[in-house]
Structures are given as C-alpha cells and as structure tokens.
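There are 2 protein chains.
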Amino acid sequence: MQESHKRFFQNLLGKDNVFFDEIHKRAYSYDATKNHYLPDGVLFPRNENDVSEILKYCNKENIIIIPRGSGSGFTGGALAVNGGIVLSFEKHMNKILEIDLENLVAVVEPGVINAKLQKVLSEYNLFYPPDPASMDYSSIGGNVSENAGGMRAAKYGITKDYVMALRAVLPNGEVIRAGKKTIKDVAGYNLAGILIASEGSLAVLTQITLKLVALPKIKKTAMGIFDTIDDAMNAVYKTLAKGVTPVSMEFLDQLSIQALELKFNKGLPVDAGAILIADVDGNVEESVEADLKILQENFLDSKAREFKIAKDEQEAADIWFARRNCSQSVAMYGKLKLNEDITVPRAKLPELLKGISEISKKYDFKIPCFGHAGDGNVHTNVMVSDKNNSELVAKGYEAVEEIFKLTVSLGGTLSGEHGIGISKAPFMKLAFNEAEMELMRNIKKAFDPNNILNPFKMGL
Amino acid sequence: MQESHKRFFQNLLGKDNVFFDEIHKRAYSYDATKNHYLPDGVLFPRNENDVSEILKYCNKENIIIIPRGSGSGFTGGALAVNGGIVLSFEKHMNKILEIDLENLVAVVEPGVINAKLQKVLSEYNLFYPPDPASMDYSSIGGNVSENAGGMRAAKYGITKDYVMALRAVLPNGEVIRAGKKTIKDVAGYNLAGILIASEGSLAVLTQITLKLVALPKIKKTAMGIFDTIDDAMNAVYKTLAKGVTPVSMEFLDQLSIQALELKFNKGLPVDAGAILIADVDGNVEESVEADLKILQENFLDSKAREFKIAKDEQEAADIWFARRNCSQSVAMYGKLKLNEDITVPRAKLPELLKGISEISKKYDFKIPCFGHAGDGNVHTNVMVSDKNNSELVAKGYEAVEEIFKLTVSLGGTLSGEHGIGISKAPFMKLAFNEAEMELMRNIKKAFDPNNILNPFKMGL
Numbered sequence: 001m002q003e004s005h006k007r008f009f010q011n012l013l014g015k016d017n018v019f020f021d022e023i024h025k026r027a028y029s030y031d032a033t034k035n036h037y038l039p040d041g042v043l044f045p046r047n048e049n050d051v052s053e054i055l056k057y058c059n060k061e062n063i064i065i066i067p068r069g070s071g072s073g074f075t076g077g078a079l080a081v082n083g084g085i086v087l088s089f090e091k092h093m094n095k096i097l098e099i100d101l102e103n104l105v106a107v108v109e110p111g112v113i114n115a116k117l118q119k120v121l122s123e124y125n126l127f128y129p130p131d132p133a134s135m136d137y138s139s140i141g142g143n144v145s146e147n148a149g150g151m152r153a154a155k156y157g158i159t160k161d162y163v164m165a166l167r168a169v170l171p172n173g174e175v176i177r178a179g180k181k182t183i184k185d186v187a188g189y190n191l192a193g194i195l196i197a198s199e200g201s202l203a204v205l206t207q208i209t210l211k212l213v214a215l216p217k218i219k220k221t222a223m224g225i226f227d228t229i230d231d232a233m234n235a236v237y238k239t240l241a242k243g244v245t246p247v248s249m250e251f252l253d254q255l256s257i258q259a260l261e262l263k264f265n266k267g268l269p270v271d272a273g274a275i276l277i278a279d280v281d282g283n284v285e286e287s288v289e290a291d292l293k294i295l296q297e298n299f300l301d302s303k304a305r306e307f308k309i310a311k312d313e314q315e316a317a318d319i320w321f322a323r324r325n326c327s328q329s330v331a332m333y334g335k336l337k338l339n340e341d342i343t344v345p346r347a348k349l350p351e352l353l354k355g356i357s358e359i360s361k362k363y364d365f366k367i368p369c370f371g372h373a374g375d376g377n378v379h380t381n382v383m384v385s386d387k388n389n390s391e392l393v394a395k396g397y398e399a400v401e402e403i404f405k406l407t408v409s410l411g412g413t414l415s416g417e418h419g420i421g422i423s424k425a426p427f428m429k430l431a432f433n434e435a436e437m438e439l440m441r442n443i444k445k446a447f448d449p450n451n452i453l454n455p456f457k458m459g460l
Numbered sequence: 001m002q003e004s005h006k007r008f009f010q011n012l013l014g015k016d017n018v019f020f021d022e023i024h025k026r027a028y029s030y031d032a033t034k035n036h037y038l039p040d041g042v043l044f045p046r047n048e049n050d051v052s053e054i055l056k057y058c059n060k061e062n063i064i065i066i067p068r069g070s071g072s073g074f075t076g077g078a079l080a081v082n083g084g085i086v087l088s089f090e091k092h093m094n095k096i097l098e099i100d101l102e103n104l105v106a107v108v109e110p111g112v113i114n115a116k117l118q119k120v121l122s123e124y125n126l127f128y129p130p131d132p133a134s135m136d137y138s139s140i141g142g143n144v145s146e147n148a149g150g151m152r153a154a155k156y157g158i159t160k161d162y163v164m165a166l167r168a169v170l171p172n173g174e175v176i177r178a179g180k181k182t183i184k185d186v187a188g189y190n191l192a193g194i195l196i197a198s199e200g201s202l203a204v205l206t207q208i209t210l211k212l213v214a215l216p217k218i219k220k221t222a223m224g225i226f227d228t229i230d231d232a233m234n235a236v237y238k239t240l241a242k243g244v245t246p247v248s249m250e251f252l253d254q255l256s257i258q259a260l261e262l263k264f265n266k267g268l269p270v271d272a273g274a275i276l277i278a279d280v281d282g283n284v285e286e287s288v289e290a291d292l293k294i295l296q297e298n299f300l301d302s303k304a305r306e307f308k309i310a311k312d313e314q315e316a317a318d319i320w321f322a323r324r325n326c327s328q329s330v331a332m333y334g335k336l337k338l339n340e341d342i343t344v345p346r347a348k349l350p351e352l353l354k355g356i357s358e359i360s361k362k363y364d365f366k367i368p369c370f371g372h373a374g375d376g377n378v379h380t381n382v383m384v385s386d387k388n389n390s391e392l393v394a395k396g397y398e399a400v401e402e403i404f405k406l407t408v409s410l411g412g413t414l415s416g417e418h419g420i421g422i423s424k425a426p427f428m429k430l431a432f433n434e435a436e437m438e439l440m441r442n443i444k445k446a447f448d449p450n451n452i453l454n455p456f457k458m459g460l
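Going down the list, the protein sequences come from chains A and B. For the first sequence, UniProt numbering gives the first residue as 1, with consecutive numbering after it. For the second sequence, UniProt numbering gives the first residue as 1, with consecutive numbering after it.
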C-alpha cells in the first residue's frame, strides 16, 4: 500500500480507524471457511460520508475494497483473495438507529449483530424473523449481503422478505436509496432486490430498514421418529401441502443421530432412520393445537414410529438439543468436513437424500445430512478422514460436485443460505448458463465499472 | 415497417400471428390511461423460442419491442410511445403449465389472467394472494412486470413476495432462468428480484413460478365508522402495531361516502369522516375471533362511533359493496379524474390525508381518497370539472405534483401499485436523485444495450 494512500485514509478517518499493521491484517484475513488471505489494510468508517469518501478515492486509485460484517460467512465472501482494503462496520457503524413501533420497522447500520437486534426487539414483543445459525455474531449487513436464511424460513421466509429499504454507497461514492418503509413501492427498478444477496460486490450498504413481526404468544415443539429418511421427508412436504407451516421443520438423519448419541448419550434412537423436529406458533391456543393435530396426522400417516409434543420449555429444549449439536457431533466422522447448504423443492427431498446415500457408497465417504427440511435446505457433510491426504481430499470434492449436480438436476440450488463467494464459484457453471453469467457480469459493471468492490467472487 | 421485417416475422410465426393492419394496430394502441399510441405491428409468439427469435432479430435491426399483457395498466407501461412492435401473450402464451400440489407452486405463462389462475387454484383450496383490482382481466406477466399489489397486501404482501422463479429472454435472444422452486436460493445475483417491477424494459418474461398459499377456512368482515379521517387512520396503524394483520384494511373518506350514497342510496352515514372495512382470516374460529376482538378494541379506542361484524356472507358483501364501487362513484365530482396510487408508511396516513385536504382547499379541487389503509396505499383522485379547460387541467396536475411532493416528504413513494410508465415519469425527479437515475439507466444498459425493450419508460 502506497504511503500516499495510507495518508489519505489517516487524514480522512483519523489514526484510530486506519490500520496497516500485521496484527490487524491477520485478524481480518479469515472467515468461517478457515481460509486466510491477508488484506492490505483495515478501515473502520464512522459514517456514510466516510464510506463515500473512501469509495470515491479507491475508485479513482483502483484500490480493491472488501466490505466485511463479522467474517462468519461459510463461502469466503469477505476474504481479500487478491488483497485490497477491508471495510469493517464493527467499530462504529453498528447502531440500531430506530425501532419504529407504529410502522413495525427497524432501521439499523450494517454492523448491528442479528442477536443484539433480536434482544432489543423482544423487549417490545417483536422479532425480526431471519435467524441464521450465526445470529449470535453475524451482522445484519452480512446477513443482507448473503441473503441469510435460518430455522424459521419455512414459515417466515428469509432476509430478502424483510428488507424494506437500503441506503448504499456506489463505488463512485454516490449515495443511493432503495425502497421505502412501505409494503408497496413500485417506483423505478427494485434496487433493493438486486443489492440483497450481492455479496458486497455492487455497493456498500450503510443503512438497512427491516420489517418486524409481533412475537407470537405461543410456541410448541413436536418431534417425530421415523424408520426411514424417506418416510420423514414425505411427512415434511405432506404436512406443508396441507396448509400447516411450522415455524421450523428440522431433520436429522441416522448418521447424525448416531453421532449425537455417541457424544452426548441422551437416549436417542440410534436405529431410527430420521428424526423430525417442528415448532408451531400462533397467538391462540386453539390455532396452535389445530396445527399440531394436522402435524401429528401427517407424521403418523407417513409411518412415524413415535410422535411427541413437548409438555414444557424444558422438554422443548431437550428436543432441540439434538438439532443444535448436530454440526459439532458429526465432526467425529472425519478430520475434514466438506459441508454444503444445497436446497431442493421440498417434495424432492426423498429423492435428494436417496441420491446422496448412493454417492456416499460410491465414494466411500460418510455423508451425514441434517437441516431445514421445511424449506428443502439440507446441510450435507462429506466427511474426509485425512485432510492431509490430497488424493482423498480431491475425491471428497468430487463427491461434493456430484451432490451439486444431483441437486441442480432436481430443480435445486447450489446454495440455500451460504452464498457462493469463492468456495462455490467453481460450481457456478453447473447451475448457470453462459448468458446468465454474462448478464451477472454486466450487472456488476453497471454498479462497479472499475471492479473495485469485492471482485473475484461468485465466479464472475 | 420495412417489407423485409414483415416477411421475417411472417415466416417465423405464420400469417395468423403477425399483424400490421390498422385494426390490430388500433386495438393494441391503448391501455387503462386512455392514451393512444399506434404501434407498427402486433406479434403473437407461440412459445419461448419464438420470443427468442423475435428479440434476436429486433436487437440486430434496432426494432423496438413492447411486451404487453392485457393493457390494463394505469401508467402507460404497455404503450408504444415511439412506435415499435407489440408482443402480445394473449393468444398463445396464456397457459397454466403446472399446479405443483406437493411444493405449493404454480408455473404459468405470462398471458395467464390472474382471476383464471385463482379459479383453478380454488378447486385445490389454494390461492395466489396478489389480487389487483384488475385481476379479472390483467395477466400474471403484467402483474409481475408492474409488481402488482391489491386488497390483501396488508397481510399477504405483493407480487414480488410470490415470484419464486422466472424464465425470460434477453434482448439478444438468450434465455435466462432466475430463481428456483425453493424458498431459499442465494446462488448468484437476485435476477428475479430486478426483473419484477421492471415494466418489461429489461427482458421478456416467458415463464413464471409462483408461490401458493392454502385458502384459510374462515374469513370475517368488520366495519368501523369514524367521525374524522384522522381517527380512522390512527385506528389502522394502532391495530397493525398490536400484531393483528387483517387481510385487508380499506378506507373510504367522507367525499367517497357521500358520492356512494348519492349514487346508490344504501344508507351510508354521509356525515361520517371515514369508514374502515377489514377482513380477518384464519383456519380456526378462536383465532379469527381473537383478531376481531383486538380490531374492535383498537377501533373503539380510536373513537369509532360504530363497529360492526358482518353476520353472514350477505352482510359482508353489503359492506364491501361500498368499497368496490368507490372508484366509479367519485367520478361524479368531475369530468377528469387524476387518480394516483401514492403510498406512505402506515403511521403517516393521518398526516398525508390532512395535507391532501389542504391541497384540495388551496387548488379548489375535490380530492376524494380511498384505498388500502393497511399498507399505507391511498388512491387519491384530483377531480377536474372541465377536461377541455386546459388551464384547469394544468392546475389539476399542479395539485397532483404537490401531492407527490407531500408523499415523498413523508417517506412515501410515487407509486404503490401502478408503476411509473409514462404517466409518472415526469415526477421521478421528485423521488430519485441523479445517481439513482443514472444507476437505473446503467442497469437498463446491462440488460438491453441497444435500448429496444420498452424504451422511454420510467423516466430513464
């Protein structure tokens, strides 16, 4: 990094917000992929005007900018793969600006942590539905950039369903406003729509307006145990097709159940093919009961060997313990976990999981699967026993590619929640044709003609 | 139109699908704005491949293409303002391709009429929530292109909340697929997001995948009568802030009530400041009753002089009669109705309507207002007594501009439902800065570098 650039940033932001030392560069070199790429520096803008001045300068000087939330992404979206300056919102731009109780809307800066927002909202009996597993540490800016999902998506949808408006800075330093605090707004192109899920590659978000929902008064947890994964997956889509949409509808496959039982010894049925866990909510006892009844009927119709409704919060927590500890438990199956968040139309889940089981046999890897069955989003984990055996690792990635191909052939997507970043970029060609890729490159150019904003991501 | 062009289209589509005669050109020259612009011809593509071949040719030959649904738009989106070829989906590309009961998804061609889809879906106890007032004749392709709203938006949202996937043809003839039959899909840019509401200016839609919802078993209608419009508007946002979201929450102001009573003599309270009509739905009696109770409490707290729940379907139909006949009734106030679909954050409704009342006095026009209070979407009608008095008409448009300015100053939008087209294009500068307009022009170029697709719209 040239001295003149450093001086510009220091003059603009003050020495406390500009870092070019090794420690800062290392601290902002990684994300949840565990890959490391050293950036050339780290900046902490104090406000939108800072962001605008930084971008204007970098655009002129051709300096790469990597906007960064909390670095909790699973696909390398926030990695400085070819150097550049990390723009972090952790230090200053992390405030809840407004909780508008009359319009049920929150206005936040990008660095606000999802769980912090939830905590404040719960004091008003409100919530913001998207709840990615990373919510305790991931930021709203990152959530919007990756279009984060979560456990509640089956009923409540994902991040894009709650972003009403954005403020953002274009690479040329200009500030744009997209959307309004209104459900209906059809003036001009849907700029908010294209900024969501753009992985920080089109503009830098500076303010986010979110739709809020009143917290339902009642929530009940139910569990079904099935002999086969097929039966469980059939129970999922049949229940949903009957018009009942549980908040969550999560599944664990046999490998996941067995890993959990080995690790925690909670008396889980290790011979079961799958467990389904469902939360149902509502404001009125009778409505929740009616939903649970339909749930039970469809689970039993799909040959559930056991169906149980948690009597109290402790029982609900016990049921959820299994799901929450899946990811760490299946780690026992190998030293390297190639985990992907593929998603198919719900009714294709039985076919998908059958296919994955065949891929598991063909490549001789254990592939435990669990996740959000209610929205067809499966976390598959190809477990490689030796991460230093490059031949074996390569075979692992072959299995992953085959899973992607299967997913796409079933009308599914490479990513339900994690985005593409660098991890899935090589697989974009499986899902998109050349016209689609070219269009995405053209959209990127429309926003960022000099390609300074988080370049080299998404295979563009 | 050159003979060589005509021959190309005739060879491609057959003579039955290609028209350059005066009658066809006239028939496709207008929309609901009542403006007329003669196109150079009308084509009826039979399938996606036809659309692709037409666009490829027109892109090369620089021929303007105007995609057209049913021509029911209120802002001139489908008008051939500078000539060009109208592409109509009425004749062939009007089929429901799939009702997927397992995934609760419908796949349709762009020419399918909204009400026809609803009718088919109701046989399966399903529905597609967006219900624009034009639903009996407007097409799904047009609904998506304008991001249509409707009566049920307060609870169920608008078109963009139900579009899961699109197939579309780019001006260069390439076919793109955007989105999947999945709730979660975060691979690549949100192309479906930017195509929605793009008024046919970015690509030609050929297939639309829609999310479906199970029809609620119970629906109840309630009505409140208020002395002042302020009290009614307060009742709206207070009810919604309590976590009750009626399917619809519609209002009529005093001028609307008086016009209805003069025309239909149904015993409406002509001294009332406003009437609110709300539908509440659910699957369980107790849950609907609980919602109605909260509705009643908040209406009475906001000084409703009367609150009534319809006892049966006939009473519900009687209540809705007033709302459904608003638009035609207020026509008695003038020969020219300048109607706009402005939208503000719900809690700003009292302020908006007070401001409109002042504008009404200042310009000496009656401005009856009614519409979707639940989502802040107000249909304002500046009534001009003499449409041939150009001075008076100009003054009418001045009043409209002042209403737009007021709306934007309250955080609202120029259009909640109708889009921009040509009618609202002159007002884009009130709502968007130059950076935003330039960005939209760049996005248009990214899709349509030769500017052949529905150009000269949205003020771009």
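By construction, these hints were calculated from the structure, which means they are not laboratory data. Errors might be hidden in some of the hints.
Below 27 Å or equal to it, Euclidean Cα-Cα: the simulated DSSO-like pairs (lysine-lysine) are [said to hold, decoys possible]:
1. A/LYS211 to B/LYS56
2. B/LYS95 to A/LYS211
3. A/LYS217 to B/LYS217
4. A/LYS238 to A/LYS335
5. A/LYS211 to B/LYS293
6. B/LYS238 to A/LYS238
7. A/LYS293 to B/LYS293
8. B/LYS211 to A/LYS242
9. A/LYS445 to B/LYS56
10. A/LYS56 to B/LYS429
11. A/LYS119 to B/LYS238
12. A/LYS242 to B/LYS119
13. B/LYS238 to A/LYS293
14. A/LYS217 to B/LYS219
15. B/LYS445 to A/LYS56
16. A/LYS211 to B/LYS119
17. B/LYS238 to A/LYS219
18. A/LYS293 to B/LYS219
19. B/LYS211 to A/LYS293
20. B/LYS361 to A/LYS219
21. B/LYS242 to A/LYS217
22. B/LYS95 to A/LYS445
23. B/LYS211 to A/LYS238
24. B/LYS387 to B/LYS405
25. A/LYS242 to B/LYS217
26. B/LYS60 to A/LYS445
27. A/LYS242 to B/LYS266
28. A/LYS242 to B/LYS445
29. A/LYS445 to B/LYS429
30. B/LYS387 to A/LYS211
If the Cβ cut is set under 10 Å, some of the chain B residues that face chain A in the computed set are [unchecked claim]:
31. ILE23
32. SER287
33. LEU336
Note that CB positions come from ideal geometry on N, CA and C, so glycine has one too.
Results for each hint:
1. For a cut-off of 27 Å, the pair hint linking A/LYS211 to B/LYS56 is broken: about 41 Å separates their Cα positions.
2. Annotation: proposed proximity of B/LYS95 to A/LYS211 is violated, straight-line Cα distance about 35 Å (limit 27 Å).
3. Restraint check for A/LYS217 and B/LYS217: the C-alpha separation of about 22 Å stays at or below 27 Å, so the hint holds.
4. Distance hint between A/LYS238 and A/LYS335 is unfulfilled; the C-alpha atoms sit about 37 Å from each other, more than 27 Å.
5. For the hint pairing A/LYS211 with B/LYS293, the CA-to-CA distance comes to about 25 Å; that is within 27 Å, so the pair holds.
6. For a cut-off of 27 Å, the pair hint linking B/LYS238 to A/LYS238 is broken: about 37 Å separates their Cα positions.
7. This hinted pair checks out: A/LYS293 and B/LYS293 have alpha carbons roughly 25 Å apart, not beyond 27 Å.
8. Using a Cα cut-off of 27 Å, the hinted pair B/LYS211 and A/LYS242 holds, with the two alpha carbons roughly 14 Å apart.
9. A hinted pair counts as satisfied when its Cα atoms are at most 27 Å apart, and A/LYS445 with B/LYS56 qualifies at roughly 23 Å.
10. A distance of roughly 24 Å separates the Cα atoms of A/LYS56 and B/LYS429; the hinted pair therefore holds under the 27 Å criterion.
11. A hinted pair counts as satisfied when its Cα atoms are at most 27 Å apart, and A/LYS119 with B/LYS238 qualifies at roughly 23 Å.
12. Pair hint A/LYS242 plus B/LYS119 holds up; C-alpha atoms about 19 Å apart against a cutoff of 27 Å.
13. Distance restraint check for B/LYS238 and A/LYS293: the Cα-Cα separation of roughly 33 Å exceeds the 27 Å cut-off, and the hinted pair is therefore not satisfied.
14. Using a Cα cut-off of 27 Å, the hinted pair A/LYS217 and B/LYS219 holds, with the two alpha carbons roughly 22 Å apart.
15. A threshold of 27 Å between alpha carbons decides the hint, and for B/LYS445 with A/LYS56 the separation of about 23 Å falls inside it, so the pair holds.
16. Pair hint A/LYS211 plus B/LYS119 does not hold up; C-alpha atoms about 31 Å apart against a cutoff of 27 Å.
17. With a CA separation close to 25 Å, the supplied pair B/LYS238 and A/LYS219 stays within the 27 Å bound.
18. A distance of roughly 21 Å separates the Cα atoms of A/LYS293 and B/LYS219; the hinted pair therefore holds under the 27 Å criterion.
19. Distance check on the hinted pair: B/LYS211 and A/LYS293 sit about 25 Å apart at the alpha-carbon level, within 27 Å; holds.
20. For the proposed pair B/LYS361 and A/LYS219, the alpha carbon gap of about 52 Å is over 27 Å, so the pair is violated.
21. With a CA separation close to 12 Å, the supplied pair B/LYS242 and A/LYS217 stays within the 27 Å bound.
22. Annotation: proposed proximity of B/LYS95 to A/LYS445 is violated, straight-line Cα distance about 36 Å (limit 27 Å).
23. Distance check on the hinted pair: B/LYS211 and A/LYS238 sit about 16 Å apart at the alpha-carbon level, within 27 Å; holds.
24. Under the criterion of a C-alpha separation no larger than 27 Å, the hint pairing B/LYS387 with B/LYS405 is consistent with the structure, at around 24 Å.
25. Our distance criterion of 27 Å between C-alpha atoms is met by A/LYS242 and B/LYS217, whose separation comes to about 12 Å.
26. Restraint check: the Cα-Cα separation between B/LYS60 and A/LYS445 comes to about 23 Å, which is no more than 27 Å; the hinted pair holds.
27. Between A/LYS242 and B/LYS266 the CA atoms are separated by roughly 41 Å; this puts the pair beyond 27 Å, and the hint is violated.
28. Using a Cα cut-off of 27 Å, the hinted pair A/LYS242 and B/LYS445 is violated, with the two alpha carbons roughly 45 Å apart.
29. This hinted pair checks out: A/LYS445 and B/LYS429 have alpha carbons roughly 24 Å apart, not beyond 27 Å.
30. For a cut-off of 27 Å, the pair hint linking B/LYS387 to A/LYS211 is broken: about 42 Å separates their Cα positions.
31. Here the hint on B/ILE23 is broken, as its CB sits about 33 Å from the closest CB of chain A, past 10 Å.
32. Among the interface hints, the one on B/SER287 holds; its C-beta lies about 4 Å from the nearest C-beta in chain A, closer than the 10 Å criterion.
33. A least Cβ separation of about 23 Å between B/LEU336 and chain A goes past the 10 Å threshold, and the interface hint is therefore violated.
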